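Trainee: Protein chains in written order, with my numbering: chain A, 42 to 245; chain B, 1148 to 1248; chain C, 42 to 629.
There's no promise every hint is true.
Stated by the list, open to error - Taking lysine-lysine and the DSS-like style, the derived pairs with C-alpha atoms no more than 30 Å apart in a straight line are:
#1 C:Lys66 - C:Lys565
#2 C:Lys565 - C:Lys585
#3 B:Lys1193 - A:Lys133
#4 B:Lys1219 - A:Lys136
#5 C:Lys562 - C:Lys66
#6 C:Lys490 - C:Lys610
Stated by the list, open to error - Derived, one-sided and incomplete: chain A residues facing chain C with beta-carbon distance under 7 Å:
#7 Cys70
#8 Leu79
#9 Trp94
#10 Ala175
#11 Leu178
#12 His212
By construction, these hints were calculated from the structure, which means they are not laboratory data.
None of the values given here were measured: they were computed from a predicted structure.
For every residue, glycine included, the Cβ atom is placed at its ideal position computed from N, Cα and C.
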Amino acid sequence: MAHAATAGRVPERGLDVYTQKVGMWVFLCSEVMFFAGLIGSYVVLRFGAADTWAEPGDVLNVPVTAFNTFLLICSSVTMVKAFAAAQEGDQKGIKLWLLSTTVLGATFLGVQVYEYTELVLHRSWEGSHGFTPAAGLYGATFFTMTGFHGFHVLLGVICLAWATIRAWRGHWGADNTHGIEVLGLYWHFVDLVWIILFTIVYLI
Amino acid sequence: MSEAGGHAASAADDHAHEHPRYMLIWLYLAILTILEVLVAFLAIPKWMIVVSLLIMAVWKALLVALYYMHLKFEPNRLRLVALAPLPAVAIMIIAIMMEYV
Amino acid sequence: MATIVAEATGQAILHEEHEQSFLRKYIFSTDHKVIAIQFLIYTLFFLMIGGLLAMLMRYQIAWPARGELPLGGIFPETMVASGYILPEFYNALVTMHGSVMVFLAIMPMLVGVWANYLIPLQLGTHDMAFPRLNMLSFWAMVPAGILTLASFFVLGGAAGAGWTLYAPLSARPDLTGVGLGQVLWLVALVFIGLSSILGSVNYITTTINMRAPGMTWMRMPLTIWSLFITAILALLAMPVLSAAGIMLIFDQTIGTSFFLPEGGGQPLLWQHLFWFFGHPEVYILILPAMGFTSEILSVGSRKPVFGYTAMVLALVSIAFLGFIVWGHHMFQSGMNPTLGLAFTVSTLFIAVPSAIKTFNWMGTMWRGNLQLHSAMLFAIGFVAMFAIGGLSGVFMASTPVDIYIHDTYFIVAHIHYVLFGGSLFALFGAIYFWYPKMFGRLMNETMGKIHFWLTFILFNVVFFPMHGVGMVGMMRRIYDSTGYAHLQGIEDTNALITWAAFGLFASGFLFAFNFFWSLKKGKKAGANPWNATTLEWQTPSPPKHGNWEEIPVVYHGPHEYSHPDVEDKDWLAQNERPDVVSPAAGSH
C-alpha cells in the first residue's frame, strides 16, 4: 500500500509558510491581546481620572526616552540586516548585525533601569518623595506598561545573545535563516509595542 | 522577495530577490520619532496634538509591521493570521470606553 | 518540502524511541500522547479536589447549624472549629471550588488532554509542531497546581473573593481577610495562562500547517474543528486575563489601585476585563465537548454527522459571538444601559448556532443504528443536559429576567447544567471512547453503564431543584440561608440536594476504580474497537512514539459511516484508498 499511497499523494500545504514562522505569528497574536489588555486599561483609567495625569515631560524624562526609542529603532534595522546577511550567507554580516542588535537591546534595558532609578529615587510626586508604582494611577500604569515591555525586551536580549553565540559557531547561513527571521519577528513586535507605548505614555 | 511568499522557496532563491530598503525605513522611523517629540510640546490645542501623535504612532507601527516584519511581502493567508486579534482588540476597547460616552 | 521535513522528523522520532531514559520518556516527555496522559492524571486529581470542596460546601448548606462535620477534626482550627465550617473557610470553598474546577480540572482536561492527544493523531502527523513547548505547557501547570493547594495552608487561607475575583473584594486583603492566599491563586492563574497560551500556539500551528496529505479543512473531524476554534479563543482571551490578573496582584502587593475606587481606580474595569476573558472561556469549556459529542454520536449511530458544514459554521459563529457577549454577566453592575441592550441582543443570537448544533445531533442519531455503549450514553446525556442548560441560558440573556435571578442558585443550576451536564458528561464520554486508544484496553462496560446512570440521575436530582431554590431567592454564595424570611421552607430541598451530591461524588470513585482497574484487567482493544473512520483508529493502540511509520494519506471525509458504496462493512476509513485507476481521483 505504501507505494500506491505515495503515488496518489496530494500534499496539503497548510499556509505554505514554514511552521516556526506561523507559530511565532500565532504567539504574537496572544501578545497583542496581552498588551491590548494593559493599554486598554490605561486608556480607560486615564479617561476616568484625567486630572491626576501629569503633563508630558513634567515627571518623565522625555529626551532620555526619545534617545532610548531611537536605540530600539536602530536595533530593529540591525535585526533585519542580520536576516538579510543570513540570506546572503554573509557570515561576517550575521555576526556583526546580531551582535549590534544584542548590544542595542541591552543598552535600551540599561537606560530603562537608569530611568526607573532616577524616578524612584529623585523625582517627587504630589509632594511625596519618589515616583513609584504606588504614585497614583499615573505611576501604576506607567510602571506596569513599561515594565512589561522591558521584560519582553529582556527575553529578547537573552534570545539574541544566544543567537549571537550561535553565529560565532557558524550556525546560521543561507541554508539556515529561519531562526533569525522568527527571532526578528519577535524583536520587531517588541519595537512596535514600544512605538505605541512611547507615544501614549510619554508624549500624550 | 516577491509577492508570492519568497520564504517558502529555498534560500538560494531568496538570494536573487532584492531586499526592501531597510535603511530608508529606518530613516523614516527616526524622523517620525523626532517629529513626535516636537509635536508633543507645540503650543496647539491638546486634541490636535493627540490626533497627530496617534497618526504618527500608527504610521511608524505600520512601517515596522509591513517592512521589518515583512507583512508587505507575505501571502494573504499569513496576513490574516497577523490581523486576527485586531477585531477583538477593537471590540474590547470600544466596549470598555462606552462607560464614558 | 514540508512533507519531507515532517517525514524526516518522524523517522528521527521513531529511532529516538529506543534510546530514551525513563525520565525523558515518561516525565519530561515531548511525546504528545504522554503529555496528554500526564494532563489526564493531573486533571482527574484536581477534579477530585474540586469535588471534595463542593462536598464540604454542600454539608454546610444543608445543615448550617448542625456542626458535627464528619472528619472535621482533620482540618486546622482556622478552617473547621469544633465541627463547624467557619465562614471564612466557606468563602474559600466557594471560590476554590469554582477556580479549581474551571482552571485546573475541566479546562485542561478538555484542551490539555484531548487537544494534545487527538490533534496529531486525527490530523495524521507525527507530533505537535513544537513538542518542547508542548512539554513546557504541561510543566507550567504544575506550579499552578502546587500554588493552589499551598494557598489553603497559608495565613488567611485560600482566596475567598469568588472565582470571578471581583474587585475591590479581591484587591484589598482587609475586606476578605485573605492576603497571601489570593496572591498565590493569582500567580497560579498567570501560570495557567502561560500554559494555555503555549498550548494554543501549538494546537493552532499544528492544525494549520501539519495536516496529513489530503486532510483538507472540510475533511477534518469535528473534534479537531472544535479544538482548533477553542485554541483560538484561548489564545485571544487568556492574555487579557493574565494582564488583568497581574494588575490585581499589583493592587494586592505593591500599593497600586487599578481596581480600587479610593485610589481613582475602577472596579468595573476588572469586571470588563475578567468577562472579556470569561465569556470566551465559557466557550472554551463547551466547544471541545461539542466536538467529542459529534464524534461519538456519529460513530455510535453509524451515520455521518448530520450537517457537517453547518456544524463547522456554527462553531465558528459561536466563537465569534463569544467575544461580543461578555456584558451579559454584568447586567447588575451599573454599566452603560445601551451596552446592556447590545449584549442582550448579541447573547440571544448565540441561541441560533447552539440550536443548529443540538438539532444536528438529533439528526445524526435519527434512525441510526444506535450502539448504546457507555461513551454513547454520555454523549446522548450531553445533548439532553446541554439543551436544558442552554435554554436556561436564554432566560438569563434577557436583562429583566437576569436582574431577578442574578447571583442566585438559578445561576448555579445553569452553570452546572452546561459545565457538568455538558462539558463533564462529554469528557466522561471521551474518556470511555478514547481510553482503548490511549491504553490499549477497553474500560469495563458494566461499570461504565452503572456510572452513567448514577451520574445522570443524581446529577439531575442535585442540580434541577437548584433552579427552584434560586427562583425563591437563595443567594449563590450564602453561608447560612436559615436566617432569611424568604428562604424558609427550602431546608428539605437543600438536604436532598446534598445527599444526592454525596452520591454523585461517590459515583466518581466508581469511574476512578474502573479507570485504574481497566488499565490491567480491561478487555484488550484492537486498533479500532468502535469501527471508527478517523485516522487515530487506523494505527495500533496505543500508538507508538511518532504515531505512524508513514504519514497516512486522506481520501475521505471524517464520518463515512454506512456508506452506500461499501458492501462488506458499514464504515470507510479516512485513509482507505478508493479502488480507482486514477490516483488523484479520490483526493478531491
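Trainee: Each hint should be assessed against the structure and marked as holding or not.
Mentor: Quick rundown of the hints versus the structure:
1. Among the hinted pairs, Lys66 (chain C) with Lys565 (chain C) is consistent with the structure: their alpha-carbon atoms are about 24 Å apart, no more than 30 Å.
2. About 17 Å separates the Cα atoms of Lys565 (chain C) and Lys585 (chain C), which keeps this hinted pair within 30 Å; it holds.
3. In summary, the hint linking Lys1193 (chain B) to Lys133 (chain A) is not supported, as the alpha carbons are separated by about 49 Å, beyond the 30 Å threshold.
4. This hinted pair checks out: Lys1219 (chain B) and Lys136 (chain A) have alpha carbons roughly 27 Å apart, not beyond 30 Å.
5. Note on Lys562 (chain C) and Lys66 (chain C): the hinted pairing holds, with a Cα-Cα distance of about 24 Å set against a maximum of 30 Å.
6. Proposed proximity of Lys490 (chain C) and Lys610 (chain C) is supported: the alpha carbons are some 27 Å apart, at most 30 Å.
7. For Cys70 (chain A), the suggested interface contact is upheld, since its CB lies about 6 Å from the closest CB of chain C, less than 7 Å.
8. Hint status for Leu79 (chain A) relative to chain C: holds, with the closest Cβ pair at about 5 Å, below 7 Å.
9. Checking Trp94 (chain A) against chain C: minimum C-beta separation of about 10 Å lies over 7 Å; hint violated.
10. Given the 7 Å rule on beta carbons, the hint for Ala175 (chain A) holds: about 4 Å separates it from the nearest Cβ of chain C.
11. Hint status for Leu178 (chain A): holds, given a least beta-carbon distance of 5 Å to chain C, under 7 Å.
12. Look at His212 (chain A): its Cβ only gets to about 18 Å from chain C, farther than 7 Å, so that hint breaks.
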